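Visitor: The lines below spell out each chain.
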Amino acid sequence: SQTIHQWPATLVQPVGSPLSLECTVEGTSNPNLYWYRQAAGRGLQLLFYSIGIDQISSEVPQNLSASRPQDRQFILSSKKLLLSDSGFYLCAWSPPQLRGRDEQFFGPGTRLTVL
Amino acid sequence: AQSVTQLGSHVSVSEGALVLLRCNYSSSVPPYLFWYVQYPNQGLQLLLKYTSAATLVKGINGFEAEFKKSETSFHLTKPSAHMSDAAEYFCAASILTDSWGKLQFGAGTQVVVTP
Numbered sequence: 017s018q019t020i021h022q023w024p025a026t027l028v029q030p031v032g033s034p035l036s037l038e039c040t041v042e043g044t045s046n047p048n049l050y051w052y053r054q055a056a057g058r059g060l061q062l063l064f065y066s067i068g069i070d071q072i073s074s075e076v077p078q079n080l081s082a083s084r085p086q087d088r089q090f091i092l093s094s095k096k097l098l099l100s101d102s103g104f105y106l107c108a109w110s111p112p113q114l115r116g117r118d119e120q121f122f123g124p125g126t127r128l129t130v131l
Numbered sequence: 002a003q004s005v006t007q008l009g010s011h012v013s014v015s016e017g018a019l020v021l022l023r024c025n026y027s028s029s030v031p032p033y034l035f036w037y038v039q040y041p042n043q044g045l046q047l048l049l050k051y052t053s054a055a056t057l058v059k060g061i062n063g064f065e066a067e068f069k070k071s072e073t074s075f076h077l078t079k080p081s082a083h084m085s086d087a088a089e090y091f092c093a094a095s096i097l098t099d100s101w102g103k104l105q106f107g108a109g110t111q112v113v114v115t116p
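Chains as they are written, first to last, in the working numbering: chain A, 17 to 131; chain B, 2 to 116.
No lab work stands behind these hints: they were computed from the structure. The structure presented is a predicted model; accordingly, all values stated were derived computationally and were not measured. A hint or two may mislead.
As the list claims (entries may be wrong) - Beta-carbon label-pair distances, calculated as ranges: (1) A:GLN61 with B:GLU16: 28 to 36 Å; (2) A:GLY32 with B:GLN46: 31 to 39 Å; (3) B:GLU65 with A:PRO34: 40 to 48 Å; (4) A:HIS21 with B:PRO41: 16 to 24 Å; (5) B:ALA55 with A:GLN29: 45 to 53 Å; (6) B:LEU8 with A:ILE69: 37 to 45 Å; (7) A:ASN79 with B:PRO116: 40 to 48 Å; (8) A:ILE69 with B:SER85: 35 to 43 Å; (9) B:PRO31 with A:VAL28: 41 to 49 Å; (10) A:ILE69 with B:ALA108: 27 to 35 Å.
Unchecked claim - Take a look, some chain A residues computed to stay more than 12 Å from chain B by CB distance: (11) PRO30; (12) PRO34; (13) GLU38; (14) THR40; (15) GLU42; (16) GLY43; (17) ILE69; (18) ASP70; (19) GLN78; (20) ASN79; (21) SER81; (22) PRO85; (23) GLN86; (24) ILE91; (25) LYS96; (26) SER100.
Even glycine gets a Cβ: it sits at the ideal position worked out from N, Cα and C.
Using the sequences and the hints, build the whole thing.
Guide: In structure tokens, the structure reads:
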């Protein structure tokens with residue numbers, strides 16, 4: 017069966033510090049991968065999505081970036097965090113052969129607080 | 002552009018009462034539709050999905066939803082609310098014209114269950 021992991025689970029970082037959040041998927045190959053953010057009191061905002069290694073698209077221009085160094089690994093990074101980067105970050109995957117026709121499976125999330 | 006609208010950001014129901022959460026989509030082509038549930042500080046979990054088969058879809062935890070093309074709706078119901086149903090619920094629609102498998106999420110509805 018497939019599983020998705022995210023770490024760390026919680027993170028408190030000062031403004032201006034770097035960020036690296038990691039997401040890995042097990043039990044599937046060539047998944048579509050997604051990064052979402054939930055700010056307090058707001059819905060899900062799609063940040064990045066990827067259909068393969070080195071195939072990443074950004075939805076929202078910001079100081080965040082994403083990389084996919086391996087097929088089932090998706091990393092969210094920032095060189096300098098802003099207060100507005102605080103939120104709950106969710107990674108998700110979906111099967112590659114059913115694009116747009118199947119659900120996305122979500123990880124447990126990372127709670128990021130920028131002080 | 003496709004959009005998903007959830008009517009009511011907060012819903013309060015009594016334990017044992019009907020739960021009704023409303024979702025409408027705007028799309029020229031009926032999309033695939035999903036309902037997710039999110040408990041505090043957790044990822045999203047799929048409740049049910051509509052993929053152009055039966056219009057009445059049954060999901061987990063006693064929830065069901067009915068797809069109505071004429072009303073462009075996919076409302077979620079549960080006959081009798083339990084305290085454990087307190088959570089946030091998201092409706093989502095697939096963007097079938099998008100080859101990258103993105104989902105369009107509604108803003109979410111927070112459900113509170115009172116004794």
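Visitor: Checking a non-interface call: every C-beta of chain B should be farther than 12 Å from the C-beta of THR40 (chain A). Is that right?
Guide: 14 Å, holds
Visitor: Going by Cβ atoms, does PRO34 (chain A) stay more than 12 Å from chain B at every point?
Guide: 24 Å, holds
Visitor: Does the no-contact call for PRO30 (chain A) survive, Cβ to all of chain B over 12 Å?
Guide: 22 Å, holds
Visitor: Per the stated criterion, does the least C-beta distance between SER81 (chain A) and chain B lie above 12 Å, as a non-interface residue requires?
Guide: 18 Å, holds
Visitor: Does the hinted range 27 to 35 Å hold for ILE69 (chain A) and ALA108 (chain B) at CB?
Guide: Cβ of ILE69 (chain A) to Cβ of ALA108 (chain B): about 33 Å, so the range 27 to 35 Å holds.
Visitor: Taking the minimum C-beta separation from ILE91 (chain A) to chain B, is that value above 12 Å?
Guide: 18 Å, holds
Visitor: Could you check the hint for me, namely that PRO31 (chain B) and VAL28 (chain A) are 41 to 49 Å apart, CB to CB?
Guide: With Cβ atoms ~44 Å apart, the hint holds.
Visitor: CB of ILE69 (chain A) to CB of SER85 (chain B), is that within 35 to 43 Å?
Guide: 40 Å, holds
Visitor: Is the Cβ of GLN86 (chain A) farther than 12 Å from every Cβ of chain B?
Guide: 19 Å, holds
Visitor: Taking the CB of ASN79 (chain A) and the CB of PRO116 (chain B), does the distance hold inside 40 to 48 Å?
Guide: 45 Å, holds
Visitor: Range first: 45 to 53 Å. Now tell me if the beta carbons of ALA55 (chain B) and GLN29 (chain A) are that far apart.
Guide: 47 Å, holds
Visitor: Would GLN78 (chain A) pass as off the interface with chain B, using Cβ distances and a cut of 12 Å?
Guide: Non-interface label on GLN78 (chain A) holds, nearest chain B Cβ at 18 Å vs cutoff 12 Å.
Taken one by one, the earlier hints all hold for this structure without exception.
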